[in-house]
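**Q** Residue numbers (our numbering), protein chains in the order written: chain A, 60 to 174; chain B, 706 to 820.
These are calculated hints, taken from the structure and not from any lab test.
Model, not experiment: these values are computed from the prediction.
Where a beta carbon is used, it is the ideal one built from N, C-alpha and C, also for glycine.
Treat the hints with care, as some may be off.
Some, not all, of what chain B presents toward chain A, calculated at C-beta under 10 Å [unchecked claim]: (1) Pro712; (2) Asp714; (3) Lys807; (4) Phe810.
For each label pair, taking beta carbons as the anchor points, the in silico distance ranges come out as [claimed, not checked]: (5) Gly721(B) / Thr75(A): 47 to 55 Å; (6) Thr777(B) / Arg113(A): 27 to 35 Å; (7) Leu86(A) / Ile756(B): 18 to 26 Å; (8) Gly62(A) / Asn735(B): 27 to 35 Å; (9) Asn129(A) / Asn717(B): 40 to 48 Å; (10) Leu86(A) / Pro745(B): 20 to 28 Å; (11) Lys774(B) / Arg68(A): 35 to 43 Å; (12) Ala719(B) / Glu103(A): 31 to 39 Å.
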Amino acid sequence: ETGVTQTPRHLVMGMTNKKSLKCEQHLGHNAMYWYKQSAKKPLELMFVYSLEERVENNSVPSRFSPECPNSSHLFLHLHTLQPEDSALYLCASSQEVAGRNSPLHFGNGTRLTVT
Amino acid sequence: AQSVAQPEDQVNVAEGNPLTVKCTYSVSGNPYLFWYVQYPNRGLQFLLKYITGDNLVKGSYGFEAEFNKSQTSFHLKKPSALVSDSALYFCAARGGEEYGNKLVFGAGTILRVKS
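Based on the provided sequences and hints, a complete structural model is requested.
**A** This is the structure:
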């Protein structure tokens with residue numbers, strides 16, 4: 060049990076579908092993150108939320124839309140994705156967003172395949 | 706720009722032998738350094754961190770890492786490898802406030818321990 064739960068674990072979607080990834084953290088943390096993990100590439104930070112406010116958006120295409128209704132929940136809404144968006148999407152949380160001492164706690168990820 | 710390099714895509718070691726997974730970093734100011742491990746179909750797990758003090762840091766599962774400021778390195782080590790250590794290992798570094806204390810990851814190194 061990592062303290063960060065992601066659903067679904069696997070998702071296959073067509074390019075015209077709309078789906079959402081969900082993340083929930085049970086650690087009382089104030090910051091939540093979405094990362095994209097592709098094979099043989101460094102983790103790509105997509106979005107950062109601190110106390111439900113988006114503090115970073117790293118030039119992510121608009122077909123990815125995050126939502127953070129409260130400090131425990133984070134969503135990633137997906138719309139008209141491309142095959143190159145297929146990857147493992149990881150949610151993480153930390154005690155504070157800019158805390159240099161704060162390690163990230165990751166969920167187990169959602170394996171997304173876009174057909 | 707801040708960066709983390711893991712020069713080896715894969716490290717192979719026999720069970721019972723010592724292992725080293727290499728990491729070098731380029732961040733501004735005093736670095737905060739982290740190692741994470743990822744097992745198949747799982748998210749990243751925090752292993753250990755260097756903040757300040759003793760250059761040799763001990764972490765989970767018998768791993769340790771040595772901070773070397775002059776070589777800007779933070780290599781992960783274990784005196785005696787186990788087959789169960791086989792996984793993907795990520796080095797990460799957090800730089801100074803002018804970069805928003807952003808956490809930067811390396812591309813990862815696959816560790817294979819053979820019996």
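**Q** Compare the structure with the hints numbered earlier in the document and write down the numbers of the violated ones, lowest to highest.
**A** Of the numbered hints, just 1 does not hold.
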